[in-house]
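Number of protein chains: 2
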Amino acid sequence: MLALWLEKNQISLRDLPQPKKPNEALIKIRKAGICSTDLELVKGYYPYTGILGHEFVGEVVDAPDKTWVGARVAGEINAVCSACEACLNGRRTHCENRTVLGIVNRDGVFAEYTTLPLDNLHRVPDSVSDEAAVFTEPLAAALEIQQQIQIKPTDRVLLVGAGRLGQLIAQILALTGCDLHVVARHVHQQNLLTARGIRLIAEGEIQPRKWDIVVEATGSSDGFNLARKAIHPRGTLVLKSTYKGEMNVNFSSIVVDEITVIGSRCGPFEPALRLLENGEVDPTVLIAAQYNLSDIVKGFERASQTGMLKVLVETE
Amino acid sequence: MLALWLEKNQISLRDLPQPKKPNEALIKIRKAGICSTDLELVKGYYPYTGILGHEFVGEVVDAPDKTWVGARVAGEINAVCSACEACLNGRRTHCENRTVLGIVNRDGVFAEYTTLPLDNLHRVPDSVSDEAAVFTEPLAAALEIQQQIQIKPTDRVLLVGAGRLGQLIAQILALTGCDLHVVARHVHQQNLLTARGIRLIAEGEIQPRKWDIVVEATGSSDGFNLARKAIHPRGTLVLKSTYKGEMNVNFSSIVVDEITVIGSRCGPFEPALRLLENGEVDPTVLIAAQYNLSDIVKGFERASQTGMLKVLVETE
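These protein sequence lines map, in sequence, to chains A and B.
Be aware that the first sequence starts at 1, since it is given in our numbering, and climbs by one per residue.
Be aware that the second sequence starts at 317, since it is given in our numbering, and climbs by one per residue.
Do not take every clue at face value.
Unchecked claim - A few chain A residues that don't get close to chain B, going by computed Cβ distances all over 12 Å:
hint	residue
1	Pro-22
2	Pro-64
3	Glu-131
4	Ala-174
5	Arg-196
6	Ala-202
7	Val-255
Said to hold, decoys possible - Per label pair, the in silico range of CB-to-CB distance:
hint	chain 1	residue 1	chain 2	residue 2	range
8	A	Ser-221	B	Cys-397	30 to 38 Å
9	A	Thr-176	B	Lys-336	32 to 40 Å
10	B	Pro-363	A	Arg-274	35 to 43 Å
11	A	Gln-207	B	Lys-336	35 to 43 Å
12	B	Val-613	A	Gln-207	43 to 51 Å
13	B	Val-420	A	Gly-307	36 to 44 Å
14	B	Arg-501	A	Gln-290	54 to 62 Å
15	B	Arg-590	A	Leu-175	39 to 47 Å
16	B	Ser-536	A	Val-297	46 to 54 Å
Keep in mind the hints are simulated off the structure, nothing from the lab.
Here a beta-carbon is modelled for each residue, glycine too, at the ideal position from N, C-alpha and C.
All chains should be built: construct the whole structure from the sequences, respecting the hints.
Structure (structure tokens):
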């Protein structure tokens, strides 16, 4: 089968054998999405060798439990042991023995087929299109914020960054009724937000030390510093993006201002699918381009352009 | 009156006029404590010029409300405006217009007299000695941890650092029934803890990624790194000490592990006085030496020695 292989910071299309794991579902990929993490992996953010890709919607073509065959599914990316202390204490996405789809020791979804344990799969409601369902994983990641902290309707919330993940975060934060403002650098990002009635704020207009909650979704030290300045004492700074290398941070000011900094990663799939099904969020507006798997290297080039939103990959 | 003046990283005893603020209580200092923050201020951690010192027990000798005259008091260190957004939202210790006793624009307590607004004062119960009451402020700071986060009786809690503040934190954390272990470098620190039945742990024995809550009370990057490694994914790292300059931190790992980092500063005085009154904590075991105000410069030298516990200053 055709697949996008990453090795030593190089991606290339390869013809690989179809995967076969007797205890897992075999899934034919229908659509996959290129995420910032994929781009970072290519840059060497984490040493991974294998098939890239973790955002997908697909069809189960074989499974240990045949009732799954034919199901259209999204899949959680962490394959877990269910036996370690993290698993047994409800922190399954932090399983000490996990493999992670297209990220850690598990071939990903930029391929004709992939495999995942049945426990990872979620059936996609019929009314949700492939174009929407392919966003289940990043939408779940956006919802992780509300899984971790309470966002009150009266909270002043600042979102820094309106890229691929930032747009989804903006959509779900707006649903809380909070007083949300978003820093979006690019006009097409701004247009998507204003079309949904989400308010923008220019960097220069951000009142320092005034915001209850700030979500940092740029992954840049500039974004972090902007977020840090905006938060008020005892406020919460949610880190929703990874940062390359180390960052210099003044921790004394975090102590003096009693700031809470919280890292946020993978989130719950079922609520993401519910929001897609009832139409409360619409990720499809983010789609900037679609490439066939055979052209995926061009898709990666496109996705790497500054401010680019979602590039999808289709395998049919 | 005699007072310890800080100016340009130099401390010196001076003869200064007795303070006089018609809207504040005039307090005769009975005892004061030298805190790590005082030592850091001398090193230039924060640009302060004035009388140093913020931990004290004293007697009100004059006040706008005469019912306070003669009262033995401890005093909150943040003098606030009661009108700014922080004050009006219950974050009085973060008042945007605050002065801070012996730290920010307000002369401190290493002197014969100081002044504070009546709102800052708390009456010390008769059964609490001066030697205990002088610890009200740092004990309140230790209690701030439980004001910010829930500590469950089943939590595995690691405290890194057992100095002046660390000892008080250890005593109050032990009261929660949590599974507490303390990293204490110095034998006399260790002895105080074991005398209270508090368990020690050697640095080399700390299981990585296993602790629910880690409290960092060393203020060193070594301590921070030790704490960071100990915490499990989704765990909470409480920063209970200030750090000089900036620190290099890998924020990607904080995102991937979904760690909560929370800065913690001043805490509630009344609970601290209740614990002193009912004898649940005993800070007096920390007293390493007492110096008369006229010898306070020697007291600072003593307090600066590695591993030194509390040096008190008496004005009588």
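Comparing the hints with the structure gives:
1. Pro-22: 30 Å, holds
2. Pro-64: Label holds. Min Cβ-Cβ 29 Å, cutoff 12 Å.
3. Glu-131: The claim stands: A:Glu-131 keeps its Cβ more than 12 Å from every Cβ of chain B (closest is about 28 Å).
4. Ala-174: About 23 Å separates A:Ala-174 from the closest Cβ of chain B, which puts it past 12 Å; holds.
5. Arg-196: 26 Å, holds
6. Ala-202: Given a closest Cβ separation of 22 Å, the condition holds.
7. Val-255: 4 Å, violated
8. A:Ser-221 - B:Cys-397: 30 to 38 Å: With a Cβ separation near 34 Å, A:Ser-221 and B:Cys-397 satisfy 30 to 38 Å, so the hint holds.
9. A:Thr-176 - B:Lys-336: 32 to 40 Å: 52 Å, violated
10. B:Pro-363 - A:Arg-274: 35 to 43 Å: Between B:Pro-363 and A:Arg-274, where Cβ atoms are some 54 Å apart, the hint is violated.
11. A:Gln-207 - B:Lys-336: 35 to 43 Å: 38 Å, holds
12. B:Val-613 - A:Gln-207: 43 to 51 Å: 44 Å, holds
13. B:Val-420 - A:Gly-307: 36 to 44 Å: 42 Å, holds
14. B:Arg-501 - A:Gln-290: 54 to 62 Å: Once the Cβ atoms are compared, 60 Å apart, the range 54 to 62 Å for A:Gln-290 and B:Arg-501 holds.
15. B:Arg-590 - A:Leu-175: 39 to 47 Å: Cβ of B:Arg-590 to Cβ of A:Leu-175: about 43 Å, so the range 39 to 47 Å holds.
16. B:Ser-536 - A:Val-297: 46 to 54 Å: The hint (46 to 54 Å, Cβ to Cβ) holds, given that B:Ser-536 and A:Val-297 are roughly 48 Å apart.
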